[in-house]
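Colleague: Residue numbers (our numbering), protein chains in the order written: chain A, 1 to 139; chain Z, 140 to 284.
No lab work stands behind these hints, which were simulated from the structure alone.
Each hint should be verified, as a subset may be incorrect.
Stated by the list, open to error - Stretch by stretch, here's where chain A covers chain Z in the computed footprint (C-beta under 8 Å, at least three residues): (1) 150-161; (2) 180-193; (3) 273-281.
Unchecked claim - Residues from chain A that face chain Z, not an exhaustive set, calculated with beta carbons under 10 Å: (4) Ser3; (5) Lys4; (6) Thr6; (7) Thr56; (8) Glu62; (9) Asp92.
Virtual Cβ for every residue (Gly too), placed ideally from N, Cα, C.
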Amino acid sequence: MISKVTHMCVYVLDQDSAYEFYVNKLGFKVHTDVPMGPGARWLTVTPPEQPELEITLFPIKEGNVFDADTAKTMVELVKKGTFGAAVFTCQDLMATYEELKSKGVIFKKAPTKEFYGYEALFTDDSGNWFSLSQMNTEK
Amino acid sequence: MEQEIHPKLYLYRRIVQAKLFIDRHYAEHIDLSQIADEAFFSKFHFIRLFRQAYGKTPHHYLTQVRIDNAKLLLVKGYAVADACFQVGFDSTTSFTTLFKRHTGLSPSAYQARELQRLALFKANPLRAVPNCFAETHGWKNSNIR
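Working from the sequences, and respecting the hints, build out all of it.
Modeller: In structure tokens form, the structure reads like this:
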């Protein structure tokens, strides 16, 4: 029986820039940041209240994982906002939306009412988009 | 659209300003009155709205921010007392008590655990990476131990 997600992967264009975005704008915590030899780095962050879920900020580079053509295609796809990476939740969407906007986070959809609560969509510094939701608390 | 869903948007903006004030000034001797003043609220109204937005009182949030920043200093090797005063606590006793309540460990035990973890990763970076990722990156067959 599968019990939990421990790691997920977000493909980013630049790890330094992703660090700045996820840590200093979204407020995520750095879990692991270690060099893995020349030009390589293992960087994972966690949502502030979910320290057991490591989000790997995985750079798109030509190498063992991507050949040159695939890396080029991946960069183009990420940049144009093809990939929706995750759904985040928060206690109060409007407060979080206002805070992230004040920090320069770009929203592709402002908060709207949905049957389960409220939802907004933002993009990271690479182009990946995320849902930011506030779930209804009433049963 | 925002105004339709949340007619009191201006209140949210003030609460967010207060939260960001805490984020910027946690290391100073700020108190609840100062934070409420920053948001132009009476104290009790402010506490209620802040808790509604963030799920904790402003005081609890301030403590959390201080503890989080103390953790970063401890991982950098700061002495417990230095970390305590640098993030705005007045006494190491209350700092230690609150730290333990938030993390389950004393500051010195937390520091020892984290420094040991970092030393382990420094000596053998592959310990930080699940095998599947290490293999696909080709790190397992490189010089990285």
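Colleague: Failing hints, ascending?
Modeller: Result: hints 4, 5, 8 break, sorted rising.
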